[in-house]
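Undergrad: Here are the chains, one letter per residue:
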Amino acid sequence: MAISPEQPRVDLEPPCWNNLPRILAWVLVIGLLILLGWGLVRAQQGNVQAGQPAPDFTLETFDGETYSLDALRGKVVVVNFWASWCVTCDEEALFLQEAWEVYEPRGDVVFLGVDYADTEPDAKAFLEHYGITYPNGPDKGTRIAQAYRIQGVPETYFISRDGILAFVQIGPFLSLASIQEQIDLLVEQ
Amino acid sequence: MKKIAILMVFVSFAMGVFGMRDVFAQEATPSDDEVNAIAKEMYCPVCENIPLDVCGTTACAQWRELIREKLSLGWSPEQIKTYFAEQYGDRVLAEPPPRGFNWLAYILPPVAILVGVYILYRTLQAWHKPVPQAPILHTESGDTLEDEYIARLEEELHKRA
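Going down the list, the protein sequences come from chains A and B. With numbering that gives the first Met the number 0 applied, the first sequence has no gaps in its numbers, which climb one by one up to 188 at the end. With numbering that gives the first Met the number 0 applied, the second sequence has no gaps in its numbers, which climb one by one up to 160 at the end.
Chain B with its partners taken away, still in its complex shape (with noise of 0.2 Å):
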């Protein structure tokens, strides 16, 4: 009787820890901040520029319980972000995949940067460069025409003092 006593003690005790460990399961579910990890790099289409963490619309909960949905499953971030991709088109990832249209995002902004260095480059190298003299005439006795001017204006004030 006293082992039966036992035993059960011992049993209900197993049951408990076992129920203990499903309650940790149910806390395994993906929380907020691992559901918005994700969601703060993709946009719902609904609300433009708005990311889909912050985005307070119903479209939006229902996508960030699908995320939630899909973590719980065990998807990683690179899986669910694909599948969203997938669904709604690349529209919705803050960083496109690098693929068609897409390069551009990806090119022009370098390019873009670089055609500006050059040309504030060139722009200082302008401004440094000295500014080429007037070339200076000179008559076939060799005295420069400035020369002759000067004396041809001080003759003349001369003349009026």
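Chain A on its own, in the form it takes in the complex (with noise of 0.2 Å):
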């Protein structure tokens, strides 16, 4: 028994244009999830960590001045962020001062002070009650802070005369010795 079927006609290729806004919203969504993936894995790297070359930026300080992390290689330096509005930094200002005082003769030690989200009159005001004398400057557009992926205020790191990071100091130091510890271990390289 024969059999002669009657198939409808099919278009086994569509247009590729009929294709088209299905591949652009996988395209859009492949997207998105890149992003968010991009962003989740930021979020979660935390600070720079010791043993990477530290991020470079340049400072403009309070009074002018301005400092660039690159022309600083060859010597020791010490990156502090705080804030006015910071409770925490109150307890350390005195022992980074202290420290500066200790180190700046030498000449090839460097402390940089880098005010994060903070308004100028409440930095100076904090600047001049704490007697501080190392040059420091706003975090202008919180480059610096982003940078350096930091958490919070206060956070400070000790960069080696190569440029490496040695040290990063999660909150604040509680005495003068602690920062003076990690200062020589990276002055007598």
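In short, the hints are calculated from the structure, not lab data. Among the hints, a few may not be true.
Pairwise CB distance ranges, derived in the manner of DEER restraints [unchecked claim]:
id, chain 1, residue 1, chain 2, residue 2, range
1, A, LEU32, B, LEU72, 45 to 53 Å
2, A, PHE61, B, PRO50, 27 to 35 Å
3, A, SER174, B, ARG98, 18 to 26 Å
C-beta atoms are modelled at their ideal positions from N, C-alpha and C, and glycine is treated no differently.
Both chains are sitting in their own frames, so use the hints and assemble them into the complex.
TA: Take a look at the structure:
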């Protein structure tokens, strides 16, 4: 028994543009997922870790001077993130100033204070109140804080002569000795 | 003497009026409402996702005072927001300026809505489309296979009866 099927005509290859919106939708969804993933990874990265090259930055101080980390290569650099509204920054301000007074005459140790998310009048009042004399300036656009991925203030980064991050202090220093301990290690290298 | 007394009364009165004016000038200091009208369109990076007008931290209080100071200097809300964006980055603004990566915030939502509407339209269209019928096969004699099958089925049933 022979069978002669009457097959309906089917277009096996629909025009390409018919699939274009679907392709675009997938591209959009995948793009969004990549962005979301990238954001999550960045958020969970935490601070720049010791052993990594210290991100370069330029700081314009309240006195109008400009410091670039690259230009300080060959010196030990201590970068302290602080703010006048930060309660625990008060605790370490005097220790940092004392440490600066110890190392300033050497000439091969530089302290830089990076004032985070602060107002200029309050920041200047803070510096005056604690008698801070090492260079300090505002973190314009919070760019430096973002480069170092700080989690809060205070945080202090110790950078070796060759620009490598040697030690990260999260939270305030509670003694002069603990600051000196980190600097002495780098000065001897 | 009487003239001098009148003059003194007049001068005192004038000083009083000017004094009053000074008091009015002090009252013209930007109010909390004026400050908060700008602050509610900003976010402090320290306390994320909390608008500046309701944020209770010292940092936010300092920022609000800075807004008040700028307002009293005659700055417009736009100038103040631009100043804060320059000082602390675009992320302090509730509505980021349309430049660079910020464009994504403006482009993605409408594009996502358009794609969603399209997918919904296609899905609804597919639901309303009639289900294609299976092709009916014919034998050479012109009878359909279905007829033949039914005939055989009836024959079998008849035999068993």
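Undergrad: At the C-beta level, are SER174 of chain A and ARG98 of chain B separated by a distance inside 18 to 26 Å?
TA: This hint is violated: roughly 46 Å between Cβ atoms.
Undergrad: Quick check: does the Cβ-Cβ distance between PHE61 of chain A and PRO50 of chain B fall within 27 to 35 Å?
TA: holds (29 Å)
Undergrad: Should the hint that LEU32 of chain A and LEU72 of chain B are 45 to 53 Å apart at their CB atoms be regarded as holding?
TA: holds (47 Å)
Of the numbered hints given earlier, the model fails hint 3 alone.
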